[in-house]
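Participant: Sequence:
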Amino acid sequence: METAPTRAPPPPPPPLLLLVLYCSLVPAAASPLLLFANRRDVRLVDAGGVKLESTIVASGLEDAAAVDFQFSKGAVYWTDVSEEAIKQTYLNQTGAAAQNIVISGLVSPDGLACDWVGKKLYWTDSETNRIEVANLNGTSRKVLFWQDLDQPRAIALDPAHGYMYWTDWGEAPRIERAGMDGSTRKIIVDSDIYWPNGLTIDLEEQKLYWADAKLSFIHRANLDGSFRQKVVEGSLTHPFALTLSGDTLYWTDWQTRSIHACNKWTGEQRKEILSALYSPMDIQVLSQERQPPFHTPCEEDNGGCSHLCLLSPREPFYSCACPTGVQLQDNGKTCKTGAEEVLLLARRTDLRRISLDTPDFTDIVLQVGDIRHAIAIDYDPLEGYVYWTDDEVRAIRRAYLDGSGAQTLVNTEINDPDGIAVDWVARNLYWTDTGTDRIEVTRLNGTSRKILVSEDLDEPRAIVLHPVMGLMYWTDWGENPKIECANLDGRDRHVLVNTSLGWPNGLALDLQEGKLYWGDAKTDKIEVINIDGTKRKTLLEDKLPHIFGFTLLGDFIYWTDWQRRSIERVHKVKASRDVIIDQLPDLMGLKAVNVAKVVGESWSSEPWLHLASWPQER
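Read in order, the letters of the sequence shown are residues -30 to -1, 1 to 588 in mature numbering (1 follows the signal peptide of the UniProt record, and there is no 0).
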């Protein structure tokens, strides 16, 4: 798509009181009010030209793109692509500050639609290629679609029939529709279409209108895509968004920087509503007619749903849904308390969690600040702490799974902490340091620190523990790469593997099967061996350009790949392989855990595992 103009916006007109505008003009206006995003602000204008100037609803914005409203509450919602956020303000509260509704996990939220009866927000994101839904306050957020989307843009809702519609201007341009609960997805227009930007529904006539910026037309069709007709063709420069009221269609144009109107049936009676705008984007008619009230099955007791009640075109015309990553229980009404199997991910400047319970594999950023260069990550299932190393600030830190309670545990005499491992039984924390060439241990709270291994280490990296057997394993990718083993107190050290290795970055233990897996970024292999050093074999050796993070849970091994910028997994027996996430840069360590289950929680730790009896070095 073409880029928006970068010239400075004209000075805003003298402001009018939004309270007066909303309470007085809306019910009395003979012509509709148009609500539109103008990148640097959101504005209102009288479509009849009574007010020759637009009125600013929200100013000082970075990159406002999509806009919608909830008429009954006087609420205005918009997306800001630069701030990667969805925001809200109220028309009937003069001077009210904008509120953040969604501020994480967005990249380019191009489309936005308000379900005014179900009280939900739906949006598209052309970078994550997702369509999501949440309550109006941003809670219970859920990914509805994450596959077969290329560049989703405009989105429109027909709550009375339970349908949602969206445009996609990717390699296979099209218009699709689906139930507002994510059901019955179907392509309804995929011919004579190139850049389908704007989309709007004529609720009264049950027609769908869309604008194509490349082919310079506005077309309409039935809501199933049939009986397609031309409205305006050939004379448009760059239509972006459109809306309608009565018999009139309104649209914004990027190239002319203006708002236009025409008769929705004939395309005639064209006129310019407003010109010399900075960068007009999405547009809506602010009217009760665009959001007629009606009863829904979600009205009473939220449809019996514990979280999301989403409208549907199929009987019983709604379905219950859960926040992203959380499964719905068998009763079809109640969500589980949270995700059970989770993948914890360290990126250079943030930490993320990915639920493995649901197939969308959506990554959620932990709200932890001041992460400079996270490398390794692990988890304590008893207290719920996430532990990670940061080699730029030279520290080991921890926080709860939701990102709260962050604290620094170790930040002295530490150079390049590459690997980390939690002993959840004896309550100790182990790490490797490729700068000091040491393996050290502390209590989980950072006390009773002790050096365990400091000789004959070159480039120690990954470390894993077998608390039941009292053993630790680590990799060394130095001049003589190897995998070693020792007791948890550092004694009885011996080499497990030292042949046909290059850069053994990742390491994972299968406690149940008694096997040790590793990933090598130089030999481009994933291999496995018994923990006693016997029966070495290759599990995978195809398209593994640079393995780094490595972990195991259940039947699957997960890893990060620096070059492919992906997280992948392979079945440890069948060797079947699939991608969890791709095109995510700066991937480092990862840890797969079942937060609802503690392996070995009933086992007693042996005396040598307790640091309290050891001489304290620091």
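By construction, these hints were calculated from the structure, which means they are not laboratory data. Owing to the predicted nature of the structure, the values given are computational and were not obtained by experimental measurement. Misleading hints may appear alongside valid ones.
[Unchecked claim] Pairs of lysine-lysine residues, derived as DSBU-like cross-links and limited to a Cα-Cα distance of at most 30 angstroms, are as follows: (1) Lys567 <-> Lys306; (2) Lys306 <-> Lys492; (3) Lys492 <-> Lys544; (4) Lys492 <-> Lys542; (5) Lys420 <-> Lys505; (6) Lys485 <-> Lys303; (7) Lys507 <-> Lys542; (8) Lys492 <-> Lys507; (9) Lys200 <-> Lys156; (10) Lys492 <-> Lys452; (11) Lys89 <-> Lys43; (12) Lys452 <-> Lys420; (13) Lys485 <-> Lys495; (14) Lys177 <-> Lys241; (15) Lys303 <-> Lys241; (16) Lys513 <-> Lys492; (17) Lys513 <-> Lys485; (18) Lys306 <-> Lys241; (19) Lys492 <-> Lys567; (20) Lys200 <-> Lys241; (21) Lys43 <-> Lys420; (22) Lys542 <-> Lys513; (23) Lys420 <-> Lys544; (24) Lys177 <-> Lys200; (25) Lys544 <-> Lys567; (26) Lys43 <-> Lys200; (27) Lys184 <-> Lys156; (28) Lys567 <-> Lys513; (29) Lys156 <-> Lys241; (30) Lys156 <-> Lys177.
Participant: Run every hint past the structure and note whether it holds.
Facilitator: Each hint, compared with the structure:
With a CA separation close to 15 angstroms, the supplied pair Lys567 and Lys306 stays within the 30 angstroms bound. Pair hint Lys306 plus Lys492 does not hold up; C-alpha atoms about 42 angstroms apart against a cutoff of 30 angstroms. With a C-alpha separation of about 24 angstroms, the suggested pairing of Lys492 with Lys544 holds against the 30 angstroms cut-off. Restraint check for Lys492 and Lys542: the C-alpha separation of about 21 angstroms stays at or below 30 angstroms, so the hint holds.
For the proposed pair Lys420 and Lys505, the alpha carbon gap of about 34 angstroms is over 30 angstroms, so the pair is violated. This hinted pair does not check out: Lys485 and Lys303 have alpha carbons roughly 41 angstroms apart, beyond 30 angstroms. A hinted pair counts as satisfied when its Cα atoms are at most 30 angstroms apart, and Lys507 with Lys542 qualifies at roughly 12 angstroms. With a CA separation close to 17 angstroms, the supplied pair Lys492 and Lys507 stays within the 30 angstroms bound.
For the hint pairing Lys200 with Lys156, the CA-to-CA distance comes to about 22 angstroms; that is within 30 angstroms, so the pair holds. Straight-line distance between C-alpha atoms of Lys492 and Lys452 comes to about 13 angstroms, which keeps the hinted pair within the 30 angstroms bound. The suggested pairing of Lys89 with Lys43 holds, with an alpha-carbon distance near 11 angstroms, which does not exceed 30 angstroms. For the hint linking Lys452 to Lys420, the alpha-carbon distance of about 23 angstroms falls within 30 angstroms, and the restraint holds.
This hinted pair checks out: Lys485 and Lys495 have alpha carbons roughly 16 angstroms apart, not beyond 30 angstroms. About 22 angstroms separates the Cα atoms of Lys177 and Lys241, which keeps this hinted pair within 30 angstroms; it holds. Distance check on the hinted pair: Lys303 and Lys241 sit about 51 angstroms apart at the alpha-carbon level, beyond 30 angstroms; violated. Restraint check for Lys513 and Lys492: satisfied, since their Cα atoms lie roughly 12 angstroms apart, inside the 30 angstroms limit.
Simply put, Lys513 and Lys485 have alpha-carbon atoms about 23 angstroms apart, close enough for the 30 angstroms limit, and the pair holds. Between Lys306 and Lys241 the alpha-carbon distance is near 54 angstroms, which puts this suggested pair outside the 30 angstroms criterion. For the hint pairing Lys492 with Lys567, the CA-to-CA distance comes to about 35 angstroms; that exceeds 30 angstroms, so the pair is violated. With a CA separation close to 18 angstroms, the supplied pair Lys200 and Lys241 stays within the 30 angstroms bound.
Note on Lys43 and Lys420: the hinted pairing is violated, with a Cα-Cα distance of about 61 angstroms set against a maximum of 30 angstroms. The straight-line distance between the Cα atoms of Lys542 and Lys513 is roughly 17 angstroms, inside the 30 angstroms bound, and the hint therefore holds. With a C-alpha separation of about 41 angstroms, the suggested pair Lys420 and Lys544 falls outside the 30 angstroms cut-off, and the hint is violated. Restraint check: the Cα-Cα separation between Lys177 and Lys200 comes to about 13 angstroms, which is no more than 30 angstroms; the hinted pair holds.
With a C-alpha separation of about 25 angstroms, the suggested pair Lys544 and Lys567 falls inside the 30 angstroms cut-off, and the hint holds. In summary, the hint linking Lys43 to Lys200 is not supported, as the alpha carbons are separated by about 36 angstroms, beyond the 30 angstroms threshold. The suggested pairing of Lys184 with Lys156 holds, with an alpha-carbon distance near 24 angstroms, which does not exceed 30 angstroms. Pair hint Lys567 plus Lys513 does not hold up; C-alpha atoms about 33 angstroms apart against a cutoff of 30 angstroms.
With a C-alpha separation of about 35 angstroms, the suggested pair Lys156 and Lys241 falls outside the 30 angstroms cut-off, and the hint is violated. Between Lys156 and Lys177 the alpha-carbon distance is near 17 angstroms, which keeps this suggested pair within the 30 angstroms criterion.
Comparing the model with each numbered hint stated earlier shows that hints 2, 5, 6, 15, 18, 19, 21, 23, 26, 28 and 29 do not hold.
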